[in-house]
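> These protein sequence lines map, in sequence, to chains H and Z. For the first sequence, my numbering gives the first residue as 1, with consecutive numbering after it. For the second sequence, my numbering gives the first residue as 1, with consecutive numbering after it.
Derived by calculation from the structure, the hints in this document are not laboratory data. Check before you lean on any hint, since a few could be wrong.
Reference listing, derived: stretches of chain H covered by chain Z, where coverage requires no fewer than 3 residues with Cβ under 8 Å from a Cβ of chain Z [said to hold, decoys possible]:
{"#": "1", "stretch": "272-286"}
{"#": "2", "stretch": "301-313"}
Cut-off 20 Å, straight-line C-alpha distance, at most; resulting in silico cross-link-like pairs (SDA-like, lysine to any residue) [as the list claims (entries may be wrong)]:
{"#": "3", "chain 1": "H", "residue 1": "K308", "chain 2": "Z", "residue 2": "R106"}
{"#": "4", "chain 1": "H", "residue 1": "K293", "chain 2": "Z", "residue 2": "G160"}
{"#": "5", "chain 1": "H", "residue 1": "K295", "chain 2": "Z", "residue 2": "S165"}
{"#": "6", "chain 1": "H", "residue 1": "K308", "chain 2": "Z", "residue 2": "P152"}
{"#": "7", "chain 1": "H", "residue 1": "K308", "chain 2": "Z", "residue 2": "S165"}
{"#": "8", "chain 1": "H", "residue 1": "K293", "chain 2": "Z", "residue 2": "R162"}
{"#": "9", "chain 1": "H", "residue 1": "K143", "chain 2": "H", "residue 2": "A88"}
Calculated from the model, a selection of chain H residues having no Cβ within reach of chain Z, i.e. all distances over 10 Å [claimed, not checked]:
{"#": "10", "residue": "R17"}
{"#": "11", "residue": "V51"}
{"#": "12", "residue": "M58"}
{"#": "13", "residue": "V85"}
{"#": "14", "residue": "D126"}
{"#": "15", "residue": "L132"}
{"#": "16", "residue": "Q133"}
{"#": "17", "residue": "G150"}
{"#": "18", "residue": "L167"}
{"#": "19", "residue": "R178"}
{"#": "20", "residue": "S206"}
{"#": "21", "residue": "P208"}
{"#": "22", "residue": "Q250"}
{"#": "23", "residue": "T317"}
These figures come from a predicted structure and were not determined experimentally. From the three backbone atoms N, C-alpha and C, an ideal C-beta is built for every residue, glycine too.
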Amino acid sequence: MPAAGRTYWLTEPCRIRREDNSIRVERPDGSPVRIPITDIRDLIAFDHVDVNTSAMSMLSRNGVTLHILDHYGNHAGHFSPAESVASAAVIRRQVEITADPDRRTAIGRALVLAAAENLRWALDTDLLDPALQSLRTDLPDCKDDDAIMGQEGNFRRTAWAVLDTQLPPWLRLNGRTRRPPTNAGNAFISYLNALVYARVLTALRSTPLHPAIGFLHSDTDRRRNTLALDLAEPFKPLFAERLLKRTAHQRALKPTDFETDVGRASLSTNGRKKIAALVREELSTTVHHRTLKRKVSYEELIHLEALKLVRLCLEDTPYKPFHPWW
Amino acid sequence: MSSLDDFPADDGAAVGGVHIKYFVHCPRQLWLYARGYRPEHRSDRVAFGQVVADTTFTRRRDIDLGEAKIDWVTTGAVVHETKSSRAPSPAHAAQVRHYCLLLERRGISVRGGTVHYPLIRRTTDVPWDDDARMAAEDAETQARNVIAATEPPARLARTGCRGCSYLDYCWGD
Ligand code: SF4
Numbered sequence: 001m002p003a004a005g006r007t008y009w010l011t012e013p014c015r016i017r018r019e020d021n022s023i024r025v026e027r028p029d030g031s032p033v034r035i036p037i038t039d040i041r042d043l044i045a046f047d048h049v050d051v052n053t054s055a056m057s058m059l060s061r062n063g064v065t066l067h068i069l070d071h072y073g074n075h076a077g078h079f080s081p082a083e084s085v086a087s088a089a090v091i092r093r094q095v096e097i098t099a100d101p102d103r104r105t106a107i108g109r110a111l112v113l114a115a116a117e118n119l120r121w122a123l124d125t126d127l128l129d130p131a132l133q134s135l136r137t138d139l140p141d142c143k144d145d146d147a148i149m150g151q152e153g154n155f156r157r158t159a160w161a162v163l164d165t166q167l168p169p170w171l172r173l174n175g176r177t178r179r180p181p182t183n184a185g186n187a188f189i190s191y192l193n194a195l196v197y198a199r200v201l202t203a204l205r206s207t208p209l210h211p212a213i214g215f216l217h218s219d220t221d222r223r224r225n226t227l228a229l230d231l232a233e234p235f236k237p238l239f240a241e242r243l244l245k246r247t248a249h250q251r252a253l254k255p256t257d258f259e260t261d262v263g264r265a266s267l268s269t270n271g272r273k274k275i276a277a278l279v280r281e282e283l284s285t286t287v288h289h290r291t292l293k294r295k296v297s298y299e300e301l302i303h304l305e306a307l308k309l310v311r312l313c314l315e316d317t318p319y320k321p322f323h324p325w326w
Numbered sequence: 001m002s003s004l005d006d007f008p009a010d011d012g013a014a015v016g017g018v019h020i021k022y023f024v025h026c027p028r029q030l031w032l033y034a035r036g037y038r039p040e041h042r043s044d045r046v047a048f049g050q051v052v053a054d055t056t057f058t059r060r061r062d063i064d065l066g067e068a069k070i071d072w073v074t075t076g077a078v079v080h081e082t083k084s085s086r087a088p089s090p091a092h093a094a095q096v097r098h099y100c101l102l103l104e105r106r107g108i109s110v111r112g113g114t115v116h117y118p119l120i121r122r123t124t125d126v127p128w129d130d131d132a133r134m135a136a137e138d139a140e141t142q143a144r145n146v147i148a149a150t151e152p153p154a155r156l157a158r159t160g161c162r163g164c165s166y167l168d169y170c171w172g173d
């Protein structure tokens with residue numbers, strides 16, 4: 001396991017205080033909940049959180065990260081512990097590998113291809129095979145991040161159009177929009193992608209890697225933790241598109257779980273709760289791991305993926321991005 | 001287990017007790033550890049070991065040797081090390097011998113060592129004599145060689161990895 005403790009999802013406005021060696025979460029209604037600090041790996045705030053410095057220093061001392069999502073589900077930022085388990089030897093190699101254009105783009109291409117294959121897997125349709133085929137043909141000619149990202153954009157557009165055919169009209173993406181998402185489907189994808197990013201960032205923090213030194217996303221990306229963005233790619237389909245498809249199929253979400261306005265959409269409080277429950281359940285889903293010879297949760301898969309990059313840096317072990325094997 | 005903390009990080013010259021313990025258990029573990037990758041900081045097992053160490057012998061003070069922190073040393077210079085493990089291992093004894101070596105180098109005449117296993121209410125005595133000194137010096141040299149190697153040592157046979165905090169790292173692909 002990456003770390004002791006669990007992830008706590010704060011789906012309602014609350015106040016966070018320190019009480020002895022516990023975190024006290026006070027919600028407007030209901031009595032406060034106390035969680036021993038050692039039970040917490042990280043906190044995800046979906047809504048307003050009022051936290052004071054004494055609580056924050058306890059979070060920091062215990063290695064707990066607090067992720068903050070904005071109203072539209074974007075990862076608005078995080079508070080992370082002062083101490084990290086970074087290793088100079090690993091970071092030095094990480095910098096060397098990412099600074100070598102050939103190695104850097106090779107890994108970038110592998111990530112994009114894996115993300116596309118995983119999306120094809122998640123949507124489970126042969127309608128995407130031609131797009132996947134042309135991606136395979138075109139990627140080797142991409143010599144820089146922009147070209148690679150351009151190919152990935154093409155594929156995703158096709159994939160989202162295909163996904164739309166599997167969704168009821170009110171949940172369709174009709175083209176991907178962010179900041180703000182323009183409709184319910186886009187709001188859903190935004191939230192899920194932000195959650196995957198937060199999980200990846202937490203996983204990376206338990207490794208000696210530096211989350212800001214990435215392979216695929218350019219260093220000038222708005223968000224600075226480009227390695228977390230990179231590593232999120234192959235996992236997004238597993239969580240975002242796949243869960244959107246499933247919730248639509250099971251009718252688990254209703255239009256009332258979203259607050260839709262002209263040109264913008266976000267989840268309602270109730271919708272946030274539903275999504276948090278959905279993702280928690282998904283993260284704890286297990287599959288049998290062949291070389292570890294035990295069951296691992298989806299959450300652990302993210303951690304294991306981060307460890308592959310540690311191996312790349314320490315031992316030059318070729319990095320093969322995550323692909324569902326089940 | 002409290003000796004896991006407080007190392008001067010990545011100092012090539014310092015070989016501490018944990019280095020020796022890892023070397024004896026698995027050279028690869030030492031190699032990885034020496035490169036600053038220390039998953040045990042995040043594992044339940046170490047937190048557990050820390051609790052055992054913190055609650056078992058509360059009256060004695062830890063001794064900090066710079067490169068190694070010894071659990072406690074009683075009068076007559078007997079080195080004591082506490083383990084939360086349920087099974088004595090050669091790596092634990094090697095770790096204690098290394099502490100004896102370090103103390104002796106500081107001019108302390110050492111009598112020997114004891115490993116305590118409070119969970120199974122057992123102790124193991126580690127004698128300190130010429131043979132032990134030679135074994136300790138030998139282990140130190142070999143450990144240095146492992147740390148200096150550019151290539152990582154191979155994995156152990158899978159059964160040897162049980163309980164190792166590097167298991168996910170070594171086998172997770
Ligand atoms: S998992 Fe096995 S091979 Fe890897 S460091 Fe531990 S004991 Fe050595």
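> Would the non-interface assignment of Q133 (chain H) survive a Cβ cutoff of 10 Å against chain Z?
Holds, since 27 Å exceeds 10 Å.
> Tell me if the straight-line CA distance from K143 (chain H) to A88 (chain H) falls inside 20 Å.
Violated, at roughly 29 Å.
> Far enough from chain Z: is every CB of that chain over 10 Å from the CB of R17 (chain H)?
Per Cβ check, R17 (chain H) is outside 10 Å of chain Z; nearest 24 Å; holds.
> For L167 (chain H), which was marked as not at the interface, is the minimum beta-carbon distance to chain Z over 10 Å?
holds, 35 Å
> According to the definition I'm using, a residue is off the interface if its beta carbon is farther than 10 Å from all beta carbons of the partner; does T317 (chain H) meet that for chain Z?
For T317 (chain H), whose nearest Cβ neighbour in chain Z is about 8 Å away, the distance does not exceed 10 Å, so it is violated.
> With d taken as the least Cβ-Cβ distance between V51 (chain H) and chain Z, does d exceed 10 Å?
holds, 23 Å
> With d taken as the least Cβ-Cβ distance between S206 (chain H) and chain Z, does d exceed 10 Å?
violated, 5 Å
> Per the stated criterion, does the least C-beta distance between R178 (chain H) and chain Z lie above 10 Å, as a non-interface residue requires?
holds, 33 Å
> Looking at P208 (chain H) again, its CB stays over 10 Å from all of chain Z?
violated, 5 Å
> Grab the minimum beta-carbon distance between M58 (chain H) and chain Z and tell me whether it stays above 10 Å.
holds, 16 Å
> Would you check whether the claim that D126 (chain H) is not at the interface survives, using Cβ distances to chain Z and the 10 Å cut-off?
holds, 29 Å
> Can you confirm whether the C-alpha distance between K293 (chain H) and G160 (chain Z) stays at or below 20 Å?
holds, 14 Å
Going down the numbered hints, you'll see the structure goes against 1, 3, 9, 13, 20, 21, 23, while the others check out.
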